[in-house]
Every structure is written in C-alpha cells, then in structure tokens.
Amino acid sequence: MTRRIAMYGLLCGGALLTTFPFLWMVGTAFMDDRQAASASLWFIPQDWQWGNLRQVFEAAPFGTYFFNSFFVAIVVTVSVALTSLMAGYAFAKLDFPGSRLAFGLVLATMMIPFEVTLIPNFLMIRNLGWYNTYAALIVPWCANAFSIFLLRQAFLSLPADYYDAAKVDGCGHLRFLARVAVPLVKPTLVTVILFTFLGSYNALMWPIIVTSDKELRVVQYGLTVFWGEGGVRVNLLMCASAIVILPSVALYFAAQRYFLESAFSSGIKG
Amino acid sequence: MDGVDLRSVSAWTTGYALLAAVLVGLVAHKALLRLADRLLEAIDSAIERIRAPRTRSAVAAFLLLSPALAILGLFGVVPLVYAVRISLFDTRRDIFVGAGNYARAWGDPEFWRSLSVTLYYALGTIPLTLAISFCVAWLLHRAARGRGFLRTAYFLPYVTSAVAAATVWRVLLRPRSGFVNVMLDAIGLPMQDWLLEQRGVLHILTQGWIPPGVGPSLALCCIMAFDIWHASGFTIVIFLAGLTAIPRELMEAAVLDGAGPLQVLRRVVLPLLSPTIFFLAVVSGIRAFQSFNSFYALTNTSRGADTQNLVIYIFAQLYESQRYGYGAAVATLLCAAIVALTIIQWRYVGRRVHYE
Amino acid sequence: MTPLRGFICIAALTGILAGCGNPASESGRGGASPRVFKPIDETAVLFWDRQTLETADLITRIAGEYNAQHGGLPVKVEHLGDYSDINRKLSVSIQARELPAMAVGYDSMTAEYVQAGAAVPLDEYMNDAEVGLTNEDRADFFPGVLATSTNPAFGGKTYSFPFTKSVLVMYFNKKVLRAAGIEAPPKTWDEFLAQCRLIKDKTGQFGYAVDVDCSTIDGMIYSRGGELVRGAESLFDQPASVAVFEYLETLAKEKLAFQIQPGTFDDRDEFTQGRVAFFFRTSSLRPYVAAMMAQDPDGWGIAMIPQAHLEAPATVLYGGNIGIFQTTPEQQRIAWGFIKYFTSPEVSARWALGSGYLPLRKSAADHPDMQAFFKQWEYNRAAFDCLPHARPEPNLAGWQEVRTLVERAGSQVMSGLKTGRQAAMDLKQEADRVLAAAQ
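Residue numbers (our numbering), protein chains in the order written: chain A, 1 to 270; chain B, 1 to 356; chain C, 1 to 439.
Read the hints as simulated data drawn from the structure, not as lab findings. No experiment lies behind these values; they were computed from the predicted model shown. One should not assume that every hint holds.
[What the hints assert, rightly or not] Derived CB-CB ranges, DEER-like: (1) B/Ile187 x C/Asp57: 47 to 53 Å; (2) A/Phe114 x B/Ala31: 37 to 43 Å; (3) A/Trp48 x B/Ala336: 52 to 58 Å; (4) B/Ala42 x A/Ala254: 32 to 38 Å; (5) B/Trp106 x C/Gly231: 26 to 32 Å; (6) A/Leu10 x B/Val214: 32 to 38 Å; (7) A/Phe114 x B/Ala42: 35 to 41 Å; (8) B/Ala340 x C/Tyr83: 33 to 39 Å; (9) A/Trp48 x C/Ala290: 22 to 28 Å.
Backbone N, C-alpha and C define an ideal beta-carbon position, used for all residues, glycine too.
Take these sequences, add in the hints, and give me the full structure.
So this is what it looks like as structure tokens:
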C-alpha cells in the first residue's frame, strides 16, 4: 500500500512539473496585454479576455492553415507507416545481398542535420518544379530512417517460428507482413504514426522555405504572425499555441490506449 | 481583386482529389482490403515461383525497400553528397579549395568550443533522459488508475511547440523577477542569471573554487534541463511501447518463481527491452549531436559562446554569414562524428542486445 | 548485423560522387563571371516582407493601390516570418538562382546579397530622368536618411532604400523617477548614472533593464562621439567605445542595471510593471508600450538617449531597408515604382501613422494628420525629433557576424566575466579578424 502511494505521489509530482507550463500557456491565453506582460507565476487571468480567441482567428486564416496542416500530416503519416513497415520488415527478416549497404544508406540519412540539408533539398524541389505545391511539403517526408529503424527493431523481436508456421499455411512474405506481422508490432506502429504526425504537424522551417503562397500555409506558420517587429503579443501567441496543440494532445490521448494491451494477446488470428 | 493563381488551384484540386480518395477508401474499405489481399497473394506467388532462394529473397527485399530507398536517396543521400561536395569549395568565390575548409575548422577556436558544447550536452542529456524516462515509463506501465491522464500529462511537453514551451521557461528563469529566482531569494540563496550565465556550473557550485571556464556553463545546463523536460515524452512513449510488447505471462511466471520486483526488472524486463534501449541509445546520441531547437528557441541566437553547439555554429555559417563551403565542411565533420559514435555503440552495445 | 561496412561503402560512394563531375552551377572560376538569376514568380512582382497583423494589412492595401495605378505585373506581398526567416529564404534562393523582386532586411544582410551578386544597385533608377527622384524629392528626405544605404565598400553604390525606419530612444517611467525624487529624465550619461544611484538608494530598485543588443551598444558609442568602423577596421578600442563598456561595467557592479534575456521583450515588461525606470529600444515599440500603460498614459515618456556632448547629440537610426533583386528588367522597374510610391509624401505619412515608424521626409512630417498626431501626446514627437541626430550602423560585409561578437562582449561585461576595457580590446581583435576575412 505504501509503495503504491509512493508511486502515485512520484507520478503526480512529475505530472505537475510537466503540465505546469501547459496550464500557464492556457491561462496566459486569456489575459489582457498588461497581465500577460507581468510574467507572474499566477496563471489565472484576473479579467478573462475571451475576445483573444476571436482576435487570433481574425489575425490569420487559421481555417486554411489547419486544413493544410492536417492534409499534409495525414498523407505523410500514412506514407511513412507503409514505407517503414515494408523496409523495416525487409531489413529484419530477409537475407539479401547488399542489405548492409542499404541499411547503412538508410542510417546515413539520419546523420546529417536537417538544417544542413535545407539548401540541397530546396534545390531539388525547384528542379522538380514543386515550389509552392503540396508535393514539396509532403514527398520529402514520406520515408524516414528513424521509423524504419524502430520497426526493424520491433520485427527483430518477433520469434522466427511465426513465419515458418505461416509459410506452411501458404503465406508469402507480403501477406505474412500484412496479416500477421503488422498486428504484432502494433504498439511500435502506433508510436511511428504518432511521431510522424507530430513531426509533420510541428514543422515550420521547411514549409516557409518551400512555400510562400497564402493558400499553402500551415498552422505553425500562423504562430509567427504574433511576433511583430516591435514586440510579441504573448497572450495571443499563447492562445494560438494552445489551439494549435489541441489536435496533437487529442491524437496522443487516442493513441496511448494501444500501449495498454499486450500485443501478443491480440496477435495471431490470421 | 488580383488574378487567380493557377498553381494554388492545382494544389487545392490535388488536395480535394486525395481527400475524396480517402473517403472512398473509408466507405469501401472491405472491398478494397479484399482486393489488396488478392494483390499481395498474387505478388507472393510470383515471388515463390523463383527457384533460387537467394534471388527470391532479393526480389522480395527489392519490392519492399524501393519506395523508402527512392525517397531517402533523393532527399537524404543526395543532400549528403552535395554537402560533402560543396565543403571542398569556397562558395563565396566559386573556387575549389580542397581540404581548405577542413583545415580552417581545425584552426578555428569557435569550432572547438562548439564541439565541446555539443559533447557536454550529449553527456549531460542522454543518460539522464534515458534513466528518467525509463523510471517514469515503468511506473506508468504499472499504474492502473488515472493512466490516461497521467500518460497524457507526461507527453504534454513534447507536443507543446518549442517556441511556446521556451517562452514559459524564459519567464520562469528571468534574471530578476522570475519565479525560480524569487524562490531562491525566499530561502536565502543567491539569485542566478540562468540562461545568461556564461560561468561554469561547477564554478558557481564550488563558489569560485573551480575556474569559471571549466565544465558546462549554467546557461547550457538550463538548456539541458529544458531538453530533458521537453524530449522525455518521446523516450517515455517508446519505452511504453517496448514494455507493452513484453508478454505479461513472462513477468507473472517470474513472480511465481519468487522473484521480487527488482529481480523481475533485471532478469525479465531489461533483457527483453534491450532492443528498445539500444534503439534509444543510438537515436538519442544522434539527436543530441544534432540538437538545434532547444538552443534556438531558448537563446534565439548564438550570442553566448557557451551555448553555441555545432549545429547552431553551422547554421550561423550557412545562413548568417553565407559561408556554405565552410558550413558544409563543419557539417561533414559532425556527420563523421555521429557515424563514429553510432558504430561504437553498435559494436560495444549492440552486441549485447538480446533478440529472440 | 553491423552497418559498419555499409557506412564505409557510403563514405566511398559519397567521396567519388563529390569528387567527380562538375555541375554547371559550381563551375565558375575565380568568381569573375556574374551569376545569372531568374524571378521565382514570373506572373507577379514578389515582395518578401516582415510586417504582421495590422501593419501587414496596411502594406498589402498600399500595394493594391499601386497595382491599380500602374497596371503592369502586380506587386505581391508575402510575409515570411521575421528578418532572419527572410534572410534564410533569400540565402537558399540565391543558391537556387531564383529571386523575389524585393525584400526587406537589415543593411548588414544586404551587404551579403551584394557580395553574392544578387542585389541590384538602385542608382540607375534613382537617377533616371523619368522614374527617378527629383531634386525636390531628394531635398525633401531628411538629411542622412537616404545616405543610410550607400555602401562605400561597393563603389559608393546604393543597394537599398530606407523603408521601416526608427531610432534608438530612451523610455522612462515617471512613477519610478518620482519615487526617487527625480523630476526630469537624464540628458547626459553622468546624470543617468546619478539617477540610477538615486533610484537604488531611495527605492532599492534597479534603474535600467539592459537588452544587450548590438544596435543599443552602437547607439551608446555614437552618443559619446565615437565611430564604429574606419574602412574595414573596427574602432572598438577607441576611447568612446571603451567608455561604453566601462560604463556598463559600473552599472552592473553597482547593481544599478541588469541584463535581460536577449530576444525577449523582458525589459519592456519590467518597465511597464514599474520595476525599472529606464530601458532603451527602438521608437517603433511605442504603440506596444502605450497599450500596456493604458491605465496610466502620463506615467511614462520617451526621450533622446543620454549623451556625452549635448551640443552634438547622436543616436542610432535603425530598422529595415528594402532592396531590389536580380529578376527581370520589367520586374525591377515595377519594384522601384512601388518603393517610390511607398515613400511618396502622402503614403509615407499614412504608413508612419499606421505603423509607428518614422516619417522619412519633411512633407510627410508636415502632413496635417501627422501634425495632429504629434500634438496628441507630448512624447509623440520625441522619436521624430531624434531623427536629425540619428546615424545608420555600418553595412559592410561581415558586420552581421560582428554584431554577435559585440553582444557577446556586452554580455560578458554585464555578467562580470570581463572588465569593460578588456572586453573592448578583445572585441576589437575578434571583429577585425572577421571583417578582414569577409572582404
């Protein structure tokens, strides 16, 4: 019993640390200019400014931005899930010539910081004629080494006899992957989906570089309009930030239940 | 009104067309799934018809790998080659300088200082992040009540954009009126300059006994703390996914054999989790060497030499001073360092990883 | 499975690919051949701007009026984030050899674009008999404003035009001053120090929240009759500059001033909360401070920064300039037309009123609306009155990097890591090395 109390005590204490800045953000979102500038720890607004919400939506066409962000993030996420499942499976379960070279190649793409690849990738986008298109926002991110690596590790821990058993039933690699292996790595797959979505949804530098069209702007760009040359509107920035992260929180809330059930219990149904 | 921009129209049309495709997929998903299954079966049987087993798996691998490799090749390997290539040029004058840029980095004290910041940062964040995240994930995995809430709480920092999170941290760490300083003052400790403090944290803790230039600065330690706070949501989720994959029966069997919680942890959980731990060690190493956002969001510029890591240094060379050749040379060195680190991890840690 | 062999193969492959082949974009020898650029958008005259919210709307409206007037390709305003975002996007665009027609930026950035061969000299447009500036126009601009953008390092040519200009001013909190028994804000640096000491003695508060920004330090050096560069050599070891760093040292040592986190507006916030008496910032911050001081509009004021020689005051003129880039003759001409329209008397006055930036020409300042604005509040004129004494910062290549070094030096002094003299001397050495490498 004491152990359980200690455990919950620790967890709740930690949770306070992690949620505090978030609560502060939500509180500041509804303060007036003066209180927002006071930088006090007390985050309950003295005078609730519900008008801030309206001001945020008037400041930029957030409807369009949300559509773009969702559209891009969803297409990227689905593509990454497919490409990484396939590649991760090949690296983990298939023995083929050049596998080391290919895996080294995949890992090598993780080694160079994104900030450095900005220029060559921009040149590539221009040469493909994709400047100011959805393709520029989507295609470069449709595969990533991180997800492939993560799923490879997950496939590696699958017992080898599963495939042998499936093979007896007349299952080839592709069908084994689709029908048996994917359900078995579900927690990992959900992790990949979650992080890919967040990575795409939170990107800012790349969208600014490859688009300038108003119709192609994403929500993270929307946050920059509150940084004027003469100062930042902290309350509006926080209000917009809070709105922008809501979908991420919702997605996580939905995803985390996949980390509850053991994969093996839901596994082999065929 | 200005005219309609054709490109944006085509982009929107693409958007709607794809959205429509998704909707059709949702409505007719059963039929589509059946179709996909047939297709896979057909491909599989085509592969099975290949006699030589090596060729067979090579063909299967090629099919599975080609989409990922095409994209990574185009947007991952080509930039790498490009970076190495322009690192041999003086891009301001468009002349070939060979190893000149590398020699310059070798002789540049800023480069070495940035490297030391990167190393301090890696040493300071990786072990702590992994240890803290594992403990939290383990507790979360066992907690029954309030699971959803607690898990979301620990993930919140990660979804909060770095800009918004940094704004809050900067307010908390303000030099005079920030909360942390007010608290320090209340319990009679000296106020600190936190993110502005270029003196070493060891210098401050030993009250001047160690010279100020030794070890990471207090400002750098603040950035590390921010990063541990901000990034641990990521590590926790991956640990949770790994823990979930461990069959409960194995743990129950160990408990039946009379193993205490610590023994279950050491004998069952840690070995089975070793692929996850190994993955996280490699990825955290790479992330630490490439960290940019925490530095950029908290300090905005490279003003303090003590908080300029290699990526910030490269960034300044590329985009503020327009020295692409030199920036690319430093980037290539950074890549080489990361590759070396990864290989070491693979050799000495990867070998001990337990796979079934 | 170790990816070691894979990595070795990759390294070899990369080496081979990087070593051989000679793409056309890299083949120039000696840099003598001029680079050729194309417009990003052939159907519009792109203008990359930094303004947000209300001021962005105003610029877009003004561009719309201009488009209706001239009839050719339309000017299209695109907001891309802050100056560093624009700078970064221009950097990659220069690499791609495709440019917008216009963009705003600081002149130290412009110097880099000139070196890359991407910026268009404005002289041929300014001196053009048909579309250029008349003698009346030139006389109408305040002295020094047009000279801001002339760059001696590039044959005395002008590569940018003043656009959103402001000056470094001192904001003072009357309530804090009154609590210390002070009637008027300081005019000299000696008075400033004395008042800070008085505030500390009487109220226990800090006098000044310092944003260690290069422009602020530059302004302090100007205000002591100093200069920043001669040719490509910095003058940080000169008495005026040493005096500035030693002054900061005194302020920090006596706990009269403290440094704020760079990149934030904490000094403004400490000021509006009444926790400090002074801060130094751009005059374009006025509307923001006013909004926060709304319930006490007479509790604060704006003044010229303190001086060493009252007979010859000086401060910094800063803010963005607008530059034209290599696109097509047609686009460049329309871009110049837009700049000329934007800085014409009527529009200039409208822009100054709507944005808080300074009117740059006499006729704009004399505009009835502008005059009414000046009378509205006693300090509305203060920044404008500084304009004749405001001087631009250096705009030679490498200065952008020197700015970081200046800020680093100031920060080291404020945190007691170096003495003022030591910081100034070290700064001189480092800055000279950077400037020499950049020329």
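Hint by hint, here is what the structure shows:
About 50 Å separates the C-beta atoms of B/Ile187 and C/Asp57, a value consistent with the hinted range of 47 to 53 Å. Take A/Phe114 and B/Ala31: their Cβ atoms lie about 40 Å apart, and the range 37 to 43 Å holds. Our hint of 52 to 58 Å for A/Trp48 and B/Ala336 holds, since their Cβ atoms are close to 55 Å apart. The given range of 32 to 38 Å is respected by B/Ala42 and A/Ala254, whose C-beta atoms sit roughly 35 Å from each other.
For the hinted restraint 26 to 32 Å between B/Trp106 and C/Gly231, the CB-CB distance of approximately 30 Å keeps it satisfied. Range check, A/Leu10 to B/Val214: Cβ separation about 34 Å, and the 32 to 38 Å hint holds. Taking the beta carbon of each, A/Phe114 and B/Ala42 are about 39 Å apart, inside 35 to 41 Å as hinted. At about 37 Å, the beta-carbon gap between B/Ala340 and C/Tyr83 stays in the expected band of 33 to 39 Å.
Taking the beta carbon of each, A/Trp48 and C/Ala290 are about 23 Å apart, inside 22 to 28 Å as hinted.
In summary, the structure agrees with every hint in the numbered list given earlier.
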